[in-house]
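Enquirer: Chains as they are written, first to last, in the working numbering: chain A, 16 to 111; chain B, 3 to 165.
To be clear, the hints were calculated from the coordinates, so they are not data collected in a lab.
Some hints could be false.
To be verified - To list a few chain B residues with every Cβ distance to chain A over 10 Å, as calculated: (1) Glu-21; (2) Ala-38; (3) Met-57; (4) Pro-69; (5) Pro-77; (6) Gly-87; (7) Leu-90; (8) Lys-163.
What the hints assert, rightly or not - SDA-like mimics (lysine to any residue), calculated; alpha carbons at most 25 Å apart, straight line: (9) B:Lys-162 x A:Pro-80; (10) B:Lys-10 x B:Asp-70; (11) B:Lys-146 x B:Thr-117; (12) B:Lys-163 x A:Ile-34; (13) B:Lys-146 x B:Glu-112; (14) B:Lys-10 x A:His-57; (15) B:Lys-17 x B:Arg-79; (16) B:Lys-146 x A:Pro-109; (17) B:Lys-163 x A:Pro-80; (18) B:Lys-146 x A:His-57; (19) B:Lys-162 x B:Arg-128; (20) B:Lys-146 x B:Val-89.
Unchecked claim - Some but not every residue of chain B turned toward chain A, in silico, with C-beta under 10 Å: (21) Leu-12; (22) Val-31; (23) Leu-32; (24) Gln-33; (25) Val-35; (26) His-126; (27) Ala-140; (28) Val-151; (29) Pro-152; (30) Met-153; (31) Ile-155; (32) Ala-156; (33) Tyr-158; (34) Glu-160; (35) Lys-162; (36) Arg-164.
Glycine is no exception: its CB is placed at the ideal position from the N, C-alpha and C atoms.
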Amino acid sequence: MLLPPIVLPAELGVSVEDIFRPVDRSMVPELSGLLDYLAEHHPLVLAAVADVDRSLIWSMQENTPLANLDNAARMARDLSVLQEAMSRTKPHQPVA
Amino acid sequence: MLSIEFRKLLEALCKGGTEFIVVGGCAAVLQEVPIATFDVDIVHRRTPENIERLMTVLGELDAYFWPDLARRKLPPRASDLAGRGHVLLTTRLGRLDVLCELTGERGYAELLPHTAELDADELHLRVLDLPMLARVKAEAGRPKDLLAVPMIIAAYEERKKRG
Numbered sequence: 016m017l018l019p020p021i022v023l024p025a026e027l028g029v030s031v032e033d034i035f036r037p038v039d040r041s042m043v044p045e046l047s048g049l050l051d052y053l054a055e056h057h058p059l060v061l062a063a064v065a066d067v068d069r070s071l072i073w074s075m076q077e078n079t080p081l082a083n084l085d086n087a088a089r090m091a092r093d094l095s096v097l098q099e100a101m102s103r104t105k106p107h108q109p110v111a
Numbered sequence: 003m004l005s006i007e008f009r010k011l012l013e014a015l016c017k018g019g020t021e022f023i024v025v026g027g028c029a030a031v032l033q034e035v036p037i038a039t040f041d042v043d044i045v046h047r048r049t050p051e052n053i054e055r056l057m058t059v060l061g062e063l064d065a066y067f068w069p070d071l072a073r074r075k076l077p078p079r080a081s082d083l084a085g086r087g088h089v090l091l092t093t094r095l096g097r098l099d100v101l102c103e104l105t106g107e108r109g110y111a112e113l114l115p116h117t118a119e120l121d122a123d124e125l126h127l128r129v130l131d132l133p134m135l136a137r138v139k140a141e142a143g144r145p146k147d148l149l150a151v152p153m154i155i156a157a158y159e160e161r162k163k164r165g
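One chain only, chain B, in its complex shape (with noise of 0.2 Å):
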């Protein structure tokens, strides 16, 4: 069975130095919109120093591409993190989407003035705003993407409600 531990998961790239921003279902659930996701998504700060410390972490959670149908187990390469793909991987610790670009060309250094910081315990995260998690699910337009629209407005809305 596939192993999913999205808080191990988060402290391994924190602790490898990775200079990453979560987006996706894990950023929506941190800010507290209920929605059920299944893997960690991220968009990485794409220089090479960056890139480096991210294969390393990568290579100590065993990541691989997935589906692996052909069960090869392919590892990533330092070349598919410096693109503008998805690269989508499954690790020990459960499935991880690292995101070269998010819809509009969206990198980490577009993202950045879009995020908010979380200090929980050990973990120093940088986590993608509400508005624009919303925004770029919206011009994704795919179903799956706007399904969770509503829930983040929603839930951003009682954020301020509440003050």
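Okay, chain A solo, but in the shape it has when bound (with noise of 0.2 Å):
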């Protein structure tokens, strides 16, 4: 299926192949038998590096680790209370 495009202006520096491209094994020779074992015995997983938002990466460099770690409490908090309120109300019957 041919999915939408995603639309960057250039003036923003950085285009679609920089945020989602698959690993470059050149970069990273130490996890050579990590992805030798995932083209193996998990294609999909090792596929799916390409479909990783790298801005999101991005983002968190930009904060020291533990304000990565209190925004992730944070998501959770967050999570959490929806969940509880999800698990209070009734599913939607509709009108007979």
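Combine both chains into one complex, guided by the hints.
Expert: This is the structure we're talking about:
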């Protein structure tokens, strides 16, 4: 299926190919054993590296490790609140 | 509602003098991997002295086994922490999985050479490095573990690119 393209103005200085790309084995030779293992046993997992939105990683690189930890805790708390609220909500009943 | 305080939980473990390695989702997040996580996972050194220190901290945190459907609030025993299994707990600061070993019979001693030290504020943490984290998750082979592997690989590559 043809996916709609991602629009990125040239002025941003970053391309879609920068954000979504497969792993460059030459950058991570220490992962070669793992990458070979994935290629043999879980090829879809290896292929999924190309689907990772690397701009999310760049955002995290702007923060300190503990700031990232605090953000993760906040996200978990928010999801927990949402989950609890949803568990109290009755499922939608279609009108007969 | 369940409390979720990753930083305070790790601080409590450090202040109690416990020797442990942060693994799992928190180890990933501390190393810039953009994933969601709901608990703190640690692998502890299984010496009697360290287990005693860990038991003290767990007592202070009111830790008990999770899930707790019968609401018995069973606290962990030292013998639980001396074995090879995964001890899944909840505390007043959130969920804490105390893992005696990871896949491949990897305990504290085996994982130690694959850790990074992280000093931040008053926290001094040992964190499982991204290559080993990706490896244990790939070897575990469960969908929830495999889901994180592409993001760990991409984050590690971006880290190396940044230098």
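Enquirer: Could you run down the list of hints and mark each one as holding or not?
Expert: Comparing the hints with the structure gives:
No Cβ of chain A approaches the Cβ of Glu-21 (chain B) within 10 Å, the least distance being about 20 Å, so the stated non-interface status holds. Here Ala-38 (chain B) does not stay apart from chain A, with its beta-carbon only about 6 Å from theirs, under the 10 Å limit. For Met-57 (chain B), the requirement that its beta carbon stay farther than 10 Å from each beta carbon of chain A is met, with the minimum near 25 Å. With a cut of 10 Å on Cβ distances, Pro-69 (chain B) stays outside the contact zone with chain A, its closest approach being about 15 Å.
Listed as a non-interface residue, Pro-77 (chain B) keeps its Cβ farther than 10 Å from every Cβ of chain A; the least gap is roughly 23 Å. With a closest Cβ-Cβ approach of about 24 Å to chain A, Gly-87 (chain B) is found to remain outside the 10 Å limit, as its non-interface label requires. A cut-off of 10 Å between C-beta atoms confirms that Leu-90 (chain B) is not in contact with chain A; the least separation is 16 Å. Non-interface status of Lys-163 (chain B) relative to chain A is broken: a Cβ of that chain comes within 10 Å, the nearest being about 6 Å off.
At roughly 16 Å between alpha-carbon atoms, Lys-162 (chain B) and Pro-80 (chain A) fall within 25 Å of each other, so this suggested pair holds. With a C-alpha separation of about 23 Å, the suggested pair Lys-10 (chain B) and Asp-70 (chain B) falls inside the 25 Å cut-off, and the hint holds. At roughly 22 Å between alpha-carbon atoms, Lys-146 (chain B) and Thr-117 (chain B) fall within 25 Å of each other, so this suggested pair holds. For the given pair, Lys-163 (chain B) sits about 13 Å from Ile-34 (chain A) by alpha-carbon distance, which is consistent with the 25 Å threshold.
Straight-line distance between C-alpha atoms of Lys-146 (chain B) and Glu-112 (chain B) comes to about 24 Å, which keeps the hinted pair within the 25 Å bound. A C-alpha spacing of about 37 Å is found between Lys-10 (chain B) and His-57 (chain A), which places the hinted pair above 25 Å, so the restraint is violated. Our distance criterion of 25 Å between C-alpha atoms is met by Lys-17 (chain B) and Arg-79 (chain B), whose separation comes to about 21 Å. At most 25 Å may separate the alpha-carbon atoms for a hinted pair to count; Lys-146 (chain B) and Pro-109 (chain A) exceed this at roughly 34 Å.
A distance of roughly 18 Å separates the Cα atoms of Lys-163 (chain B) and Pro-80 (chain A); the hinted pair therefore holds under the 25 Å criterion. The hinted pair formed by Lys-146 (chain B) and His-57 (chain A) meets the criterion: a straight-line CA distance of about 13 Å does not exceed 25 Å. Pair hint Lys-162 (chain B) plus Arg-128 (chain B) holds up; C-alpha atoms about 20 Å apart against a cutoff of 25 Å. About 18 Å separates the Cα atoms of Lys-146 (chain B) and Val-89 (chain B), which keeps this hinted pair within 25 Å; it holds.
Using the Cβ-Cβ criterion of 10 Å, the hint placing Leu-12 (chain B) at the interface with chain A is satisfied: the shortest such distance is roughly 8 Å. Annotation: Val-31 (chain B) was flagged as interfacial toward chain A, and the flag holds, the nearest CB pair being 4 Å apart, inside 10 Å. Proximity of Leu-32 (chain B) to chain A holds as hinted, the smallest CB-CB distance being about 4 Å (cut-off 10 Å). The beta carbon of Gln-33 (chain B) comes within 7 Å of a beta carbon in chain A, closer than 10 Å, and the hint placing it at the interface holds.
Nearest Cβ of chain A to the Cβ of Val-35 (chain B): about 7 Å, under the 10 Å cut. The hint holds. With a least beta-carbon distance of about 12 Å to chain A, the hint placing His-126 (chain B) at the interface is violated under the 10 Å criterion. For the restraint placing Ala-140 (chain B) at the interface with chain A, the shortest Cβ-Cβ distance is roughly 6 Å, inside the 10 Å limit, so the hint holds. Checking Val-151 (chain B) against chain A: minimum C-beta separation of about 5 Å stays under 10 Å; hint holds.
Taken as an interface hint, Pro-152 (chain B) checks out: its beta carbon lies about 4 Å from the nearest beta carbon of chain A, inside 10 Å. Proximity of Met-153 (chain B) to chain A holds as hinted, the smallest CB-CB distance being about 5 Å (cut-off 10 Å). Of the supplied interface hints, the one on Ile-155 (chain B) holds, with its beta-carbon coming within about 5 Å of a beta-carbon of chain A, less than 10 Å. Given hint, Ala-156 (chain B) at the interface with chain A, holds; its Cβ is 4 Å from that chain's nearest Cβ, closer than 10 Å.
The interface hint given for Tyr-158 (chain B) is met, as the beta carbon of that residue sits about 6 Å from the closest beta carbon of chain A, less than 10 Å. With a least beta-carbon distance of about 5 Å to chain A, the hint placing Glu-160 (chain B) at the interface is held under the 10 Å criterion. Given hint, Lys-162 (chain B) at the interface with chain A, holds; its Cβ is 6 Å from that chain's nearest Cβ, closer than 10 Å. A distance limit of 10 Å between C-beta atoms decides the matter here; for Arg-164 (chain B) the minimum to chain A is near 6 Å, and the interface restraint holds.
When the structure is compared with the earlier hints, violations turn up for hints 2, 8, 14, 16, 26 and for no others.
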